[in-house]
Amino acid sequence: MSGMLREELEGLAEAGYEFGFSTELDTDIAPPGLTEDTVRLIAAKKNEPDWLLEWRLAAFEAWQQMDEPDWAKLDISPIDYQAISYWAAPTKKPQLDSLDEVDPDIRDMFDKLGIPLHEQKMLSNVAVDAIVDSVSVTTTFKETLAEAGVIFCSFSEAVRDYPDLVREHLGSVVPVRDNFFAALNSAVFSDGSFCYVPKGVRCPMELSTYFRINSENTGQFERTLIVAEDDSHVSYLEGCTAPQRDENQLHAAVVELVAKDRAEIKYSTVQNWYPGDENGVGGIYNFVTKRGRALEDAKISWTQVETGSAITWKYPSVILQGDRSVGEFYSVALSSKVQQADTGTKMVHIGSDTTSSIVSKGISAGRGQNTYRGLVKMLRSAENARNYTQCDSLLLGSDCGAHTVPYIEVKNPTAQVEHEASTSTVGEDQLYYSRQRGLSEEDAMAMIVNGFCREVFNELPMEFAVEAQRLLSVSLEGSVG
Amino acid sequence: MTTATGTPITTRTDGNDPAGAMPLPTRRDEAWRYAPHRDLARLAFGPAPQAVDVPADVLAGIPQLGGPLVVMVNGVVDSELSQLESLPAGLTVHPGGGADGGDSRLAPHTELDAAAPVDAYDALNRSLSGNGVSVLVDAGEQIDPPIHVAHLLHPGDAPNAVCGRVRITLGEASAATVVETHVSVGDLAGGASVRTSIVLEADATLEHLVLQDLSAQQMLLARIEVNQHPRSRLRARSFNLGGRYGRIASQVDLVGEGAEADLAGLYSGSGDQVLDQQPTVVHRAPGCTSRQAYRGVLDDSSTGVFSGGIDVRPGADGTDARQSNDNLLLSRQAEVDTQPRLEILADDIACQHGATVGQLDPTALFYLRTRGMTEDEAGRVLVNAFADQVVEEVRHDAVRDWLSRRLGHDHD
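Chains as they are written, first to last, in numbering that gives the first Met the number 0: chain A, 0 to 480; chain B, 0 to 411.
For the record, the hints were derived by calculation from the structure and aren't laboratory data. Please read all numbers here as calculations on a predicted model, not as lab measurements. Glycine is no exception: its CB is placed at the ideal position from the N, C-alpha and C atoms. Incorrect hints may have been included.
The calculated lysine to any residue pairs, modelled on SDA-like cross-linking and capped at a C-alpha distance of 25 Å, are [claimed, not checked]:
no., chain 1, residue 1, chain 2, residue 2
1, A, LYS72, B, PHE365
2, A, LYS72, B, ASP52
3, A, LYS72, B, ARG340
Which bits of chain A does chain B cover? Going by a derived footprint, with three or more residues having C-beta under 8 Å, they are [said to hold, decoys possible]:
no., stretch
4, 410 to 416
5, 421 to 430
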């Protein structure tokens, strides 16, 4: 790599965090520490029914007996789970008749993020369930959705208004004992989103939730549950940015998707939590359990663009339970500065004629470490199942790392699995050729990196594709001019 | 041949090895994820048992290579069965037992021994195997006839598992072929841990073959460590065919600029065999090339495991590393677990890996049947064609013929 490029890469490490601001908000914060009483406090604060408290307590008991997983290729300083506060809520929870009643501070924050709610409601066809810290403060477009019979609300509201639906599906895809972080989330989750699409309904708009961490030292534990009944269709967008902080913030989310017969769920994420500074100080620790269960002829598609967080530990998965179900995973993960990402997917083929495809693009720059870790499992019952996996890594600089750890387990002879991977750098010849055609070195670099990610960007909904490209170019700003 | 019989050292009672109190690997250890742990737990390692009678047909059953032959029974060289007279010039074979007279060419192996053991079986091997056999080739010499090290396993009751050790050094710009064969005397249950360390000095070329054909209740835990200096070339082929559990773990360290490692292997399982390949190539120097190409054919309820690593360390610029693993599943109960790993810490590199799992191509089967073959015959032709890609690469006729017979590939 040329000296010129190296300088640019140094520039990359110095590129600031565009969304590094924080909003002054009064918050109601529980004292740090996690005991059974903390779990009871959260349930009481949220006026939750007894069955949910019991469920939380079972999760807490399981969590206490579990060890933090250490198999990921992540160098994490020990997390003191007793030093974290497990409850924070905006004190002024507005009674909303109209969006004008939303706290101006919150409004201002969303404006900075480019999500002007008042304009969105009028101008765009996107419903936004805005979450500040843990409690949902405003939800829009409910009426339009209600007409279609789609339920889209905060998790707390769902527990209150649709307890049977929640009770039936909560933990059905990610059980409380699934893993350390899922158990923790199950015990202390604060809020999140719930979406229910009835039989035969095609959700009239793309559903979108913007998460935002705003309280220092407060772990954020969202829980998302999406249920798509037979023959329904829903596209869900999740995007995150967070203000600049010096202390690590723990984020352990759980997302559960249930796609019933012939249903389709498309779940897209742009993740841009604060990645920490040039020396790796601060930054979000992001431990996420995302899993979907696909019944007969159903399709679940995960698309993610991961550019933020100091630590990313995330494996969106699909259990292909029903015959002919389809699972997809498209991912771009960028690690720069001293970011570490260990991410990938699990495709578990149970039904016959199930198919899955995995396209993973990892970009490492600065001192970033990027690991693809995936499992493709064909059980004995997975007659004629198919998987195609492609994972490519791009290295920009000599101090970063790219790692690929795929697991393929096949127990059915009629199953076909193909896995391809490559690791490469942006070649001098590629840059030279592009420059010969009149492109500046930085334009050439941007073009090559964007081209590298194209297959994944193509899968994103329009709005997200734009945001994703913007994020990537911001993150690579120092290195490409 | 006699060996002092000490108190058997058992791993069964406390699950620990005597040397470093390392716990036995479990399913939770990545490198041992798919191993048959219940059977492994029955191994009780100890010194080689008293003299063993080796029936003539055992030695007649191994490939007849016509060159130097070292026969190791339960990890100890049997000088009566070995053929080490009139060795070619430039070749030295130390039959172990402290008879290497402090040969300075063995110093790099002593260095390798100083590294911490990777697991409990490695630790057991170091404490129990002694010096083993050493094969040394002088600088600039080319040894034409293959050097054959035949490991014969004849487990006792307690202990029922033994350790063996092979050290190979090729001097600068020398060339040789070493064949290691693992076969059983009888069919008692038991196992062996065999550690081979190989040092290739600058510009040396080694062809290293491993043929594993133990009987159905026996287990081989082979560990091969290779250190390659500048421009040295390794051509390694492993044939993992017999035993209840056959494990061939290789770690190839490319420490010198421009070194080349070419590893390939075939594993062909039936019954309830578990055949486990664990090759890792570590690129530590710039401009090195490596290739791993492994193929598996799994029938009945056998399991094939491939966990291959390409590890590119900082500074190993100009690395070209490739890896592939292709598998054929022939039965509904067969299983393949493949894990092609890449760990890259340098830029200016090109690394690729690929893995496939599938069954016989129905259209190819159909085509052959329209030509008058039965379904069985057609299947055999296709399986043989798949396996032959590895077999055909073996340059020594005697080994290739032996493999063809063993695999039932007799060509007319």
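Here is how each hint holds up against the structure:
no.	hint	result
1	LYS72(A) <-> PHE365(B)	violated (47 Å)
2	LYS72(A) <-> ASP52(B)	violated (51 Å)
3	LYS72(A) <-> ARG340(B)	holds (12 Å)
4	410 to 416	holds (count 7)
5	421 to 430	holds (count 4)
The structure shown violates the earlier hints numbered 1 and 2.
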